[in-house]
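Chains as they are written, first to last, in this note's numbering: chain A, 1 to 355; chain E, 1 to 510.
Don't take each hint at face value.
What the hints assert, rightly or not - In silico contact screen, one side only, chain E against chain A (beta carbon under 8 Å); selected entries:
id: 1; residue: L333
id: 2; residue: L336
id: 3; residue: F339
id: 4; residue: D472
id: 5; residue: I476
None of these hints come from the bench; they were simulated from the model.
Idealized CB from N, CA, C, for every residue including glycine.
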Amino acid sequence: MKKKNIIQNDLPVKLLRSLSVYGLALLIAFGLISIIIALLGFSVPDALKTLITTSFKSAFGFQETIKKTIPLIFTTYAFTIPFMIKFFNIGAWGQMLFGGTVVAAVGLLIGNFGLPSFIMIPLLVVVGILAGGLWGWFAGFLKAKYDINPIISTIMLNFVAVLLVNFIATSPIFKDPLEGHPITRPLSSSAILGFFHKIPYSIIFVILAIIFVYILLKKTKLGYEITSVGYNLHAAQTYGINFQRTIMLTFLLGGALAGLGGALEVMNIHGKLIEGFAKTSGAQYGVFGILTSLVVAGNPAGVPIAAFFMAVLLVGADALQRTMQIPVEMVFLSQALIVLLIVIIRKKFEPNGGK
Amino acid sequence: MKNKSLVELKNVRKVFGKVIALDNVTFTAEKGEIHGLLGENGAGKSTLMNILYGLYSPDKGEIYIDGKKVKINSPFDSIKLGIGMVHQISTLVPEFNAVENIILGTPEDKFKLPIKEEREKIKKIMKELGLIFSLDVKTKELPAGVKQKIEIIRALHKGAKLLILDEPTTSLVESEFRQLLKSLRALVKKGVTVIFITHKIKEIMEACDSVTVLRRGKVQDTINKEQMSKEKLVKLMFMEKDIKVTESALPKVELPPAKKSKKPVCVVKNIEVKGKEKSKGLKNISFEVYGGEILGVASVSGNGEKELASVMINPFLLSNGDILVNGESIKHLSTLSVFNKGVAYTPEDRIKEGILNEGSIKENVLLGHHTEKRFFKKNLFINWDEATKAAKKTIKDYNVATPSEELAIRRLSGGNIQKVIMGRAFVSPTDLLITHNPTSGLDVLTVEFIFNKLVETRNNGGAVLCINEDLDELMIISDRIAVLHNGELKGIFQRSEFDKYKIGLLMIGG
Numbered sequence: 001m002k003k004k005n006i007i008q009n010d011l012p013v014k015l016l017r018s019l020s021v022y023g024l025a026l027l028i029a030f031g032l033i034s035i036i037i038a039l040l041g042f043s044v045p046d047a048l049k050t051l052i053t054t055s056f057k058s059a060f061g062f063q064e065t066i067k068k069t070i071p072l073i074f075t076t077y078a079f080t081i082p083f084m085i086k087f088f089n090i091g092a093w094g095q096m097l098f099g100g101t102v103v104a105a106v107g108l109l110i111g112n113f114g115l116p117s118f119i120m121i122p123l124l125v126v127v128g129i130l131a132g133g134l135w136g137w138f139a140g141f142l143k144a145k146y147d148i149n150p151i152i153s154t155i156m157l158n159f160v161a162v163l164l165v166n167f168i169a170t171s172p173i174f175k176d177p178l179e180g181h182p183i184t185r186p187l188s189s190s191a192i193l194g195f196f197h198k199i200p201y202s203i204i205f206v207i208l209a210i211i212f213v214y215i216l217l218k219k220t221k222l223g224y225e226i227t228s229v230g231y232n233l234h235a236a237q238t239y240g241i242n243f244q245r246t247i248m249l250t251f252l253l254g255g256a257l258a259g260l261g262g263a264l265e266v267m268n269i270h271g272k273l274i275e276g277f278a279k280t281s282g283a284q285y286g287v288f289g290i291l292t293s294l295v296v297a298g299n300p301a302g303v304p305i306a307a308f309f310m311a312v313l314l315v316g317a318d319a320l321q322r323t324m325q326i327p328v329e330m331v332f333l334s335q336a337l338i339v340l341l342i343v344i345i346r347k348k349f350e351p352n353g354g355k
Numbered sequence: 001m002k003n004k005s006l007v008e009l010k011n012v013r014k015v016f017g018k019v020i021a022l023d024n025v026t027f028t029a030e031k032g033e034i035h036g037l038l039g040e041n042g043a044g045k046s047t048l049m050n051i052l053y054g055l056y057s058p059d060k061g062e063i064y065i066d067g068k069k070v071k072i073n074s075p076f077d078s079i080k081l082g083i084g085m086v087h088q089i090s091t092l093v094p095e096f097n098a099v100e101n102i103i104l105g106t107p108e109d110k111f112k113l114p115i116k117e118e119r120e121k122i123k124k125i126m127k128e129l130g131l132i133f134s135l136d137v138k139t140k141e142l143p144a145g146v147k148q149k150i151e152i153i154r155a156l157h158k159g160a161k162l163l164i165l166d167e168p169t170t171s172l173v174e175s176e177f178r179q180l181l182k183s184l185r186a187l188v189k190k191g192v193t194v195i196f197i198t199h200k201i202k203e204i205m206e207a208c209d210s211v212t213v214l215r216r217g218k219v220q221d222t223i224n225k226e227q228m229s230k231e232k233l234v235k236l237m238f239m240e241k242d243i244k245v246t247e248s249a250l251p252k253v254e255l256p257p258a259k260k261s262k263k264p265v266c267v268v269k270n271i272e273v274k275g276k277e278k279s280k281g282l283k284n285i286s287f288e289v290y291g292g293e294i295l296g297v298a299s300v301s302g303n304g305e306k307e308l309a310s311v312m313i314n315p316f317l318l319s320n321g322d323i324l325v326n327g328e329s330i331k332h333l334s335t336l337s338v339f340n341k342g343v344a345y346t347p348e349d350r351i352k353e354g355i356l357n358e359g360s361i362k363e364n365v366l367l368g369h370h371t372e373k374r375f376f377k378k379n380l381f382i383n384w385d386e387a388t389k390a391a392k393k394t395i396k397d398y399n400v401a402t403p404s405e406e407l408a409i410r411r412l413s414g415g416n417i418q419k420v421i422m423g424r425a426f427v428s429p430t431d432l433l434i435t436h437n438p439t440s441g442l443d444v445l446t447v448e449f450i451f452n453k454l455v456e457t458r459n460n461g462g463a464v465l466c467i468n469e470d471l472d473e474l475m476i477i478s479d480r481i482a483v484l485h486n487g488e489l490k491g492i493f494q495r496s497e498f499d500k501y502k503i504g505l506l507m508i509g510g
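Construct the entire structure; sequences and hints are all you get.
This is how it looks when you write it as structure tokens:
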């Protein structure tokens with residue numbers, strides 16, 4: 001009793017361990033990638049250089065990377081926040097699409113009223129947040145009230161959202177008569193976010209979102225309750241935290257962030273709703289959001305950096321295909337390898353699997 | 001004598017952390033008998049049998065089977081030696097039927113399941129024991145009594161000649177118990193030995209040929225059927241043979257006279273709670289807790305104490321009756337609002353219900369207080385500065401061994417974790433503390449520390465409801481003791497009337 005056990009503060013140890021986990025995983029992953037590239041008959045140094053440095057070599061590369069980082073941050077949060085209380089939100093894709101679709105529809109419907117940008121843009125951003133939030137919340141509600149597994153409900157809601165994109169993009173009210181593909185008319189210029197030196201203005205909203213998530217999780221009662229439920233559901237419930245409400249809240253938040261991401265894609269990148277939003281970009285960001293979240297073990301603090309890192313790889317992959325004709329599948333393979341290795345090595349190294 | 005004994009454990013010792021679970025225990029069971037193992041919760045019954053079954057390894061001591069010394073490192077070893085164990089909680093695969101469950105883990109052919117042949121064997125065992133039930137129904141659809149029979153048959157099917165039953169009657173109704181007894185008698189006739197773990201004296205007297213009574217990790221005595229009487233067994237179970245030993249093992253806590261408040265802090269009025277699954281819930285319970293007193297609740301686990309603890313902070317569980325705190329009904333309040341009324345709680349299972357394992361000490365101290373004015377700004381933000389202050393104060397007041405309040409709580413020892421939980425209860429002014437088994441599994445020094453905190457609260461005019469499975473401890477720190485059995489309040493004793501025999505008898509429904 002008198003002799004106090006000496007327990008060292010664990011922060012530096014933890015940090016060092018995390019760094020070595022990521023370092024080792026990347027080392028092994030790039031080693032394996034190099035072997036595969038060599039077997040395919042390409043030059044390994046050139047390929048690795050292209051994969052890693054494209055984002056930083058040219059202004060274009062960096063802009064592309066930022067463009068991909070932004071939606072990826074939103075979909076990664078969308079997965080990460082429900083994952084904090086051990087639920088899988090596979091629906092970032094659908095929540096992003098639904099947010100973007102509703103924004104496009106509303107934007108086109110009120111486009112003729114002649115509202116100025118400073119009303120139109122905040123209005124549409126809020127619409128996107130609400131729409132995505134609703135799409136996410138619904139899955140949370142189904143879990144809280146009827147105990148329906150969110151994996152199933154979010155996947156189903158993805159399908160609905162994809163069909164909704166097609167419905168809006170082909171409906172006579174919205175469709176661009178000059179286009180052969182399902183594409184809506186362009187949004188009025190007052191609804192469009194522009195670029196600053198080719199960096200999309202939506203980056204402002206990302207920064208706000210990062211600050212928002214940080215404050216919400218670290219400083220507010222809601223964040224404390226989410227964290228507590230994530231740490232130990234039984235104890236949180238014993239001490240009066242409402243689990244049902246927490247489930248709905250996390251899905252609402254995740255969906256709202258994905259919805260905001262979708263709104264910004266439509267308002268900043270496409271300027272209209274295109275079918276490809278559902279098929280390529282939406283799907284890509286939805287899936288990569290999950291992977292990115294797994295890379296940081298569902299820790300919200302790591303999301304922006306991890307999303308940027310994933311975007312670097314995505315841009316590098318495009319470049320590999322363009323300049324060296326290495327099949328783009330190669331890069332999906334390497335991304336999968338990196339994520340897998342990080343997850344495996346973390347399980348091996350950290351006392352409780354990094355969770 | 002020597003050749004007849006089937007199993008012999010000699011001088012077994014097992015220590016968990018600082019707690020001695022078994023101290024120099026010697027236990028012998030003869031061939032073809034039902035041997036009872038009697039004791040309170042935490043007396044060491046299950047630990048002893050888990051050692052025999054290979055789930056724990058002893059720190060010291062030897063095991064002999066048929067007179068031969070053996071080493072048992074895992075259940076694989078014990079099954080090979082002919083030991084079978086039926087645990088308290090069903091270990092059957094719910095989606096499998098009886099045959100599939102019984103042949104599980106008997107891999108003779110890697111590719112073929114010998115369902116037909118085995119089915120015949122199983123039927124034969126059933127016939128010998130006089131058991132009748134369907135072999136084709138998924139076990140999840142069967143009542144608890146049948147499931148248990150399947151587990152017994154599974155053990156026999158694997159060739160058990162020694163069958164350990166851990167609290168086999170917990171989930172059985174009376175008629176099922178009769179049937180179980182009949183089957184066990186049939187087994188014994190075939191030469192199988194049965195070890196029957198229980199804390200119910202009535203069952204020992206009905207079922208067993210001899211009984212070994214454990215208390216606080218020590219063997220009190222082993223007696224056979226002719227010597228058994230209810231009085232003798234109660235005494236062995238609850239009272240020490242050698243008084244000196246008890247005194248050194250029990251915490252020393254002074255209980256000075258204290259001023260009892262005029263009005264009760266908490267009034268519990270005719271409450272009823274529906275029990276979950278096996279438990280019978282609470283039936284028409286009424287009592288009062290005054291300021292300046294510790295009301296102990298004595299009960300054998302599973303007799304409603306869990307429901308009582310829960311309903312005090314989660315009044316939605318009430319199906320009837322009312323609970324008043326400081327004269328106001330809390331019937332319609334949420335848990336957080338109950339806390340805000342000056343009620344504090346420390347749960348029974350400190351790891352599962354008490355702490356946010358991955359969270360820091362600071363985050364843990366805040367739990368349940370996070371909507372109180374002091375810690376809650378503008379209805380939105382947590383005041384982390386105040387939380388840090390509260391955590392630092394808890395660490396200081398409760399002597400928590402930690403370098404900082406930011407340390408993950410899971411890195412603390414059990415005693416220190418309990419101190420944090422206890423400290424959390426007093427972060428805000430507390431009129432009524434409900435504490436459930438606050439000292440289970442802790443070493444004597446920590447137990448003393450925690451009890452002194454309870455007594456301090458009482459001396460300062462607080463009301464304490466202490467639900468504790470350890471009667472000795474309750475008798476040390478309680479001003480009054482209420483006895484729960486089968487969900488009913490069997491009586492309340494004043495400190496001057498404390499009598500271990502009487503209270504113990506009521507606890508087991510005698």
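Against the structure, the hints come out as follows:
1. Interface hint status for L333 (chain E): violated, as the beta-carbon distance to the closest one in chain A is roughly 10 Å, over 8 Å.
2. With a cut of 8 Å, the hint placing L336 (chain E) at the interface with chain A holds, because the nearest CB-to-CB distance is about 4 Å.
3. A distance limit of 8 Å between C-beta atoms decides the matter here; for F339 (chain E) the minimum to chain A is near 6 Å, and the interface restraint holds.
4. For the restraint placing D472 (chain E) at the interface with chain A, the shortest Cβ-Cβ distance is roughly 21 Å, beyond the 8 Å limit, so the hint is violated.
5. Interface hint status for I476 (chain E): violated, as the beta-carbon distance to the closest one in chain A is roughly 19 Å, over 8 Å.
The structure is inconsistent with the numbered hints 1, 4 and 5, although it conforms to all the rest.
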